[in-house]
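Asks: So you can see what is in the structure, the chains are spelled out below.
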Amino acid sequence: MILTKGEYCQFSLRTRVQLLREYGQLEFERTFEHIAVRIFALHDFYVEVVYNRLKGEVERAEPVNFINMMHLYEDSSGL
Amino acid sequence: MSKSVSFYETINQMVNYGLQKDIIHLYNEEEAFTGNYLHLRGKRVVNFGSCSYLGLEFDERLKQGSKEAIDRYGTQFSESRAYVSLKLYRDLEEAFLEIFEQPIVIVPTTTLGHLSNLPVLVQDEDAIIMDHQLHNSVQSSVSPLKARGVYTDLIRHNRMDQLEDKIKSLRSKFKKIWYMADGVYSMFGDNCPVDDVYALMDKYPELHAYIDDAHGMSVHGKHGRGFVLKNRPMHPKLIMATSLAKAFATGGAVMVYPDTDSMQRVRNCGAPLLSSGPMQPAVLGAALACAKIHLTPEIYTLQEELHDRIRFTNLMLKKYGIPTPSQPEGGVFFVAVSLPKLAFNMVRRMLDAGFYTNIAVFPVVPMKQSGLRFTITRLHTFTQIEAFIAAMAEELPKAMKEESMTIEDIYKAFRMTAPEEAAIDQAVQTAIGQSLSLRLHHYASITEVNKNLWDSMMVNRGSFDWDGMKTLETAFTNNDLPEDNWVFDYVVVKDMQGKPVVAGFLTTALWKDDMLSPAAVSKHVEGLRKTDPYYLTTKVTAVGSLLTEGEHLFIDKTSPLWKEALLLFIERAYALQEAYKSGNVVIRDFHSIDKEIDDLMVDNGFVRIGMPETSIVTDLSWEGKDGYYDSLSARSRQHFREDVRKHESRFDVKVVSTHPGARIMDYWYQLYLNVKSHSLELNTYDLPRKWFDEIFDNPKWEVLTLSLKREHGGTGQAVCVVFNYNAGNVYAPMVIGLDYTRNNEFKIYRQALYQLVMRAKELQKERVCLGFAAPIEKKKVGAKQIQAYAYIHSRDTFNMEVLATFKENTAHFSRQSND
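Same order as they appear, the protein sequences are chains D and C.
Position one of the first sequence corresponds to residue 1 (this note's numbering), numbered consecutively onward.
Position one of the second sequence corresponds to residue 1001 (this note's numbering), numbered consecutively onward.
To be clear, the hints were calculated from the coordinates, so they are not data collected in a lab.
This one's a predicted model, so the numbers in the text were calculated from it and none came from an experiment.
Think of the CB as a built atom: it goes at the ideal place given N, C-alpha and C, for glycine as much as any other residue.
Careful: at least some of the hints might be erroneous.
Here are the simulated lysine-lysine pairs, DSSO-like style, with alpha carbons at most 27 Å apart [to be verified]:
(1) C:Lys1166 - C:Lys1203
(2) C:Lys1319 - D:Lys5
(3) C:Lys1625 - C:Lys1412
(4) C:Lys1318 - C:Lys1412
(5) C:Lys1166 - C:Lys1398
(6) C:Lys1318 - D:Lys5
With the Cβ distance kept under 8 Å, some of the chain D side facing chain C (calculated, not the full set) [as the list claims (entries may be wrong)]:
(7) Glu7
(8) Glu22
(9) Leu26
(10) Thr31
(11) Ile35
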């Protein structure tokens, strides 16, 4: 499935999550208290999904430049 | 055969073809289903044909609503709504009042709603203008109004400029002008320009709108009230009809009115509404449950989920390079494939690949704008949508190859700009011609064609042997008027041995679209042509010409390659249509229906139409006048005695084969115009005067003249002239001129027909081709009537539909003339 970041952003939050379910590949996952953050690879970009465990809902799913934030996942003491 | 019979035969043929391919009239074979899969032909396929866009048919609340209603009210409540309705009806009406914030009437089906609305709302003094692509359910409901004399007309799809022009021309003659359209069009999925319609209603007090928003309901707008009312209020001159049998997922329909008075009149007087059964408890229960969902914010979540799938579908269609004529905002999509054979091929391939989609072929779309109509619902996953589109992208090139078509053919048929790669594709010649070693020869003039070869195929068919064509070319080129200038093309497809398999000539000329319409229609159209001389005329590329008759197309059916050769011929005809920008291609005439040819023509985008009967005298084996008399039927003998033999001695009959001089020719031309002005049944342009001079350069033309002897009031001038072609074993009278002032007294026309038969006998011919028109008169001189057929491909059926509308307006025209 070929989709650009811009095209992905045109969809509603619910659909962005659904697209990740259907096409995304989970790359990383970290949990910070009640917030779970997952990084999915989708076509040629990454999407960061923020899940609020207390509310039981996805708060956001946004394309990210993963290279710039990789350190957050490599160094757990960073958070 | 009437044209309508032929029309239904063509539809029947199309449907039967689909049945043979096992792609229509299918049954879902599963005992139960709850998702978007169907079980067809022993295979589980993803359903891309459902109009339940929000997927609410599986919603537990709707199911429960149905069950509870049945438990409380039984399976049906069998009383006319004129007397008693279930309370559920009132509850539902209140819910819809809240949804639309306008007066409404609930009806069992949208069609029933139209049938209830239109006779009550549209008055005899009103006019109706329909969009060319208006849904059939509204068009069918307009038909009964035409019998009342309500004037109807068509405009091209979504052409608001044409609508405004019509309003301007009709507003002084009619009390109200109703514009009828769909909110979302059910085939191409595009929308009505509602803002423009509103603006016109504001500008012109006479304009009212009737819009069927069946495919917009639930999908768009506040409370899911549809596309038309999305982001805009109800216009005080708008009537809206919408369906509950699509995204609303329950069945039934709602009619929405601008005021209580209109609503109440339909409720009180809409006969089909009063006499048909009501919606039953199960449907009412589900509808009420669904209406409640529409009145909560949940409807917007559902809409959003659907719209994201629609957006995704548009993106995927673009990324996979699928040809589409529109970019829908709703759930209906259309993939362009052009010819029906490719559409059938693709639907079968998609079924094999695991996807069900609707075929869209004539008459729901024009012949060469066939396609795959598919729908997107909220139940589709994104992977299903992408897999479906990817399968189309994979199968389309294979199907095109199988049907010898290119992507450029598709873009051309839909008048869309082809991507660059398609143009390269077109440069490759068709596989058929190459692989089967057929060779197509194309000439621009008969002088380039070998005379012996042409005559060996055409000499006994009519007036279009080599010499006949030469005369025709000279007469119909270099003239002043557009209608008198024809373009000639000659196509001969030969096999490897150089033997012709299919051959014929084509002329491209301006035709009157009402040529074969009833005389009353032509009379009306001719009135309109006084201000717009080329109104309802179309440039046509046709096998044969407007001045030749007979089986123009040579087909050697003993050749094993005749079908492929015919396909090459058709392909060239289509290419000429493109080159000359012709509206129609016509392949004529056929004197019987050959099933193989018939299938091939329909498969390749043609509709068979019945031509007027042609009359041919086939028995010239009798000897002498007595022998001729004996060959006639008893009834014809009586006519012969009373109308022909009685007057025979009163005429001088001559055969003229040299030009008679300008003065006499002017007079003959006037005789011809006399006949022409009486012949609206076959409404063509007048022949140019030049043709009458040119024929004398060809010794095969001769003129039979009939003059009354002086003792019977004759002046020496002809009272009848017939221009005949004499070639091979055929005698072909082509043009007649008549002095009608003496016709009743001396039965001149009948005498002329008789004299033509005698002349053919004298020339030892085997047949006299008396042509179209006056079949009864011609039967009396021994002619047999042969039903002729032609195959027509219209790039666009708009003009034909306008004519059909005029035909149905007969009651209005009669009323006008009575006034």
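Asks: Does each hint hold? Answer for all of them.
Replies: Structure-based check of all given hints:
| no. | hint | in the structure |
| --- | --- | --- |
| 1 | C:Lys1166 - C:Lys1203 | 14 Å, holds |
| 2 | C:Lys1319 - D:Lys5 | 15 Å, holds |
| 3 | C:Lys1625 - C:Lys1412 | 59 Å, violated |
| 4 | C:Lys1318 - C:Lys1412 | 18 Å, holds |
| 5 | C:Lys1166 - C:Lys1398 | 46 Å, violated |
| 6 | C:Lys1318 - D:Lys5 | 16 Å, holds |
| 7 | Glu7 | 6 Å, holds |
| 8 | Glu22 | 5 Å, holds |
| 9 | Leu26 | 17 Å, violated |
| 10 | Thr31 | 27 Å, violated |
| 11 | Ile35 | 24 Å, violated |
Violated hints, listed in ascending order, are 3, 5, 9, 10, 11; each of the other numbered hints is respected by the structure.
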